[in-house]
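Below are the chains, spelled out letter by letter.
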Amino acid sequence: MTELLTTAVTRRRFLIGAGGAVMVMAAPSARAQFVAEGEARSAAMRAAIKAIVGENSLPQGRIKIELPPLVENGNAVPLSIAVESPMTDADHVKAIHVFTEKNPQPNVAVFQLGPRAGTADIQTRMRLADTQLVVAVAEMSDGSFWRDEVEVVVTLAACLEES
Amino acid sequence: MISRWRIAAALAVIGATFPAIAEIPMSERKSGYDFMGKQTQAMQDDDTANAGMLWVLDGEALWKRHAGAANKSCADCHGDASASMKGVAARYPAFSPALGRAVNLEQRINSCRAERQQAKPLAYESKDLLALTAFIGRQSRGLPITVADDAGTRKAIESGRATFTRRQGQLNLSCAQCHDDNWSGRLAGAPVTQGQPTGYPIYRLEWQNLGSLQRRLRNCLTGIRTIVPALGAQELVELELYLMWRARGMTLETPGVRP
Amino acid sequence: MAAARALINVPPKARRGEVIGIKSLISHEMETGFRPNATGQLIPRNIIKEFVCTYNGVEVFRAEFFPAVSANPFVSFTTRATESGTITMTWTGDNGFHASESVAITVE
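Protein chains in written order, with my numbering: chain A, 1 to 163; chain B, 1 to 259; chain C, 1 to 108.
Hints were generated in silico from the structure; no laboratory data involved. Just so you know, not all the hints are guaranteed correct.
Here are the simulated lysine to aspartate or glutamate pairs, EDC-like style, with alpha carbons at most 16 Å apart [as the list claims (entries may be wrong)]:
1. B/Lys64 to B/Asp128
2. C/Lys23 to B/Asp128
3. A/Lys64 to A/Asp121
4. A/Lys94 to C/Glu59
5. C/Lys49 to C/Glu64
6. A/Lys94 to C/Glu64
7. B/Lys38 to A/Glu66
8. C/Lys23 to B/Asp45
Here are a few chain C residues that sit away from chain A, every Cβ distance over 12 Å (derived from the structure) [what the hints assert, rightly or not]:
9. Ala3
10. Arg5
11. Ala6
12. Lys13
13. Ser24
14. Ser84
15. Thr88
16. Thr92
17. Asp94
18. Asn95
19. Gly96
20. Phe97
21. Ala99
22. Glu101
23. Ser102
24. Glu108
In this text, all values refer to a predicted model and were calculated from it rather than measured experimentally. Virtual Cβ for every residue (Gly too), placed ideally from N, Cα, C.
Produce the entire structure from the sequences given, and follow the hints as far as they go.
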């Protein structure tokens, strides 16, 4: 859950319950809508991946993504990507595409590299609006595509600012 | 999504264990850093990954910039900050005999702005004030937090301690109930921690920005649904001072990174 | 457009053919365009869209960013040290955003 990606649907609130307890939660009426939107967004991710991969097969392998098992804050999630490749003129990674399932937009970033990179080893930080699937696709110089995916759990930061 | 009852339950535990307010033994004190995941720790440790360094660099540029009617830069009077400002942030807030009250680093910087540079004071949480504070703080990174021992300082610490241990707000919770008594617990899936002031100003991932200790304290005050004093309020300065005293001897990490 | 502050890390010296790590950080809010303001209106998108690294004028790495890239974007990648010269990083984005930073590298 992130400040920036927060839609009205996922906005966190401190609420005072009958017992005087603090609760951090999404507005309940919006919950069902969120689930429905989640389905639609997953479809958006599939479409975004298809736009890159076309009719090619997309086996798991050669590419590895690493994200913390439990994300402390969805605003800046450290992401590492490595692809097994000799990175020669004849055989290298051309691009790496990163997608998410439930962010408002499925695309995260595209990295274009070539033999001069030496390795295909990238780190960046991304936003995750919720617990969801992150998918990375490696596009190779031989025209093949490879994928890796990770399910990430996003926790909430407590003691938020009134916004 | 975090379910309601988990948070309600977490707070119920905190509320139920309130009587045992005891200060954390010196040897058991831990920075918020120690509670973070290794990836977040790595963000703080690596200067090129630590976004707080962007403000430090801005602060370095401001340090050398001429300003105000006096047309002087900080460097004109203080020279090389790595020598003149070393250890300074580690002993603020400090009691000012001239003013008869404790002042924090932001206020100390602003008094030089006003009196020495004859320039307009910088607004609290403005980019420039945060940058100068981060730059001066950086000169004390790795140094132990120290607090002076004089009557004025002691009085201000006591006043900060009173705020820290007072139950307040609609939730009727004190800072101490969370940060002294339940620091090994979790709230909404995140560690509560001891609320140590070791990294300020911090780059907080939640803010996607650098922010002061007072901003952080105001977040906690908002959380317990109490009246939140304005930035710069004396009550917050004294609370900062109490937190620094409570953290005396711990290492300053500025600019820290926190979730 | 506010002046951006960038922080890049490239080893000053490398052996010919060595694979070196490059890290970059730049100040930018990366406003997503999906976030409502206090009155419920969406705050317009304001992001860095492109990051390019050239080595003596030849492009060696490029990234395209979407709003899901965190504020104050950080990217680390590698390149092969081929010759002495200049490594330049350029960021461009919405509202005419443009920033550039160069460092020298000596290759032996």
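Each hint tested on the structure:
With a C-alpha separation of about 13 Å, the suggested pairing of lysine 64 of chain B with aspartate 128 of chain B holds against the 16 Å cut-off. Distance restraint check for lysine 23 of chain C and aspartate 128 of chain B: the Cα-Cα separation of roughly 25 Å exceeds the 16 Å cut-off, and the hinted pair is therefore not satisfied. Restraint check: the Cα-Cα separation between lysine 64 of chain A and aspartate 121 of chain A comes to about 10 Å, which is no more than 16 Å; the hinted pair holds. For the suggested pair lysine 94 of chain A and glutamate 59 of chain C, the alpha carbons sit about 13 Å apart, so the restraint of at most 16 Å is met.
Straight-line distance between C-alpha atoms of lysine 49 of chain C and glutamate 64 of chain C comes to about 6 Å, which keeps the hinted pair within the 16 Å bound. Straight-line distance between C-alpha atoms of lysine 94 of chain A and glutamate 64 of chain C comes to about 14 Å, which keeps the hinted pair within the 16 Å bound. Using a Cα cut-off of 16 Å, the hinted pair lysine 38 of chain B and glutamate 66 of chain A holds, with the two alpha carbons roughly 13 Å apart. At roughly 14 Å between alpha-carbon atoms, lysine 23 of chain C and aspartate 45 of chain B fall within 16 Å of each other, so this suggested pair holds.
The Cβ of alanine 3 of chain C lies farther than 12 Å from every Cβ of chain A, with a closest approach of about 22 Å, so its non-interface assignment holds. Residue-level check passed: arginine 5 of chain C sits 17 Å from the nearest beta carbon of chain A, beyond 12 Å. The claim that alanine 6 of chain C lies off the interface holds: its Cβ sits roughly 15 Å from the closest Cβ of chain A, which is beyond the 12 Å cut-off. Distance check for lysine 13 of chain C against chain A: the nearest CB is about 17 Å away, which clears 12 Å, and the non-interface claim stands.
Serine 24 of chain C, annotated as away from the interface, has a beta carbon of chain A within 12 Å; the closest lies near 10 Å. Non-interface call for serine 84 of chain C relative to chain A: holds, since the shortest CB-CB distance, roughly 16 Å, exceeds 12 Å. With a least CB separation of 14 Å from chain A, threonine 88 of chain C remains clear of the 12 Å interface cut-off, as annotated. The beta carbon of threonine 92 of chain C sits about 15 Å from the closest Cβ of chain A, which is more than 12 Å, so the claim that it is off the interface holds.
Against chain A, the non-interface label of aspartate 94 of chain C holds: every CB pair exceeds 12 Å, the least being about 14 Å. The beta carbon of asparagine 95 of chain C is kept farther than 12 Å from every beta carbon of chain A, the shortest such distance being approximately 17 Å. Taking the minimum C-beta to C-beta distance to chain A, about 21 Å, the non-interface status of glycine 96 of chain C holds against the 12 Å cut. Non-interface call for phenylalanine 97 of chain C relative to chain A: holds, since the shortest CB-CB distance, roughly 17 Å, exceeds 12 Å.
Here alanine 99 of chain C stays apart from chain A, with its beta-carbon at least about 17 Å from theirs, past the 12 Å limit. Every beta carbon of chain A lies more than 12 Å from that of glutamate 101 of chain C, the smallest distance being close to 17 Å; the non-interface claim holds. Once the 12 Å rule is applied to beta carbons, serine 102 of chain C is consistent with being away from chain A; the minimum gap is 18 Å. Remark: the non-interface label on glutamate 108 of chain C is consistent with the geometry, its nearest Cβ contact in chain A lying 17 Å away (cut-off 12 Å).
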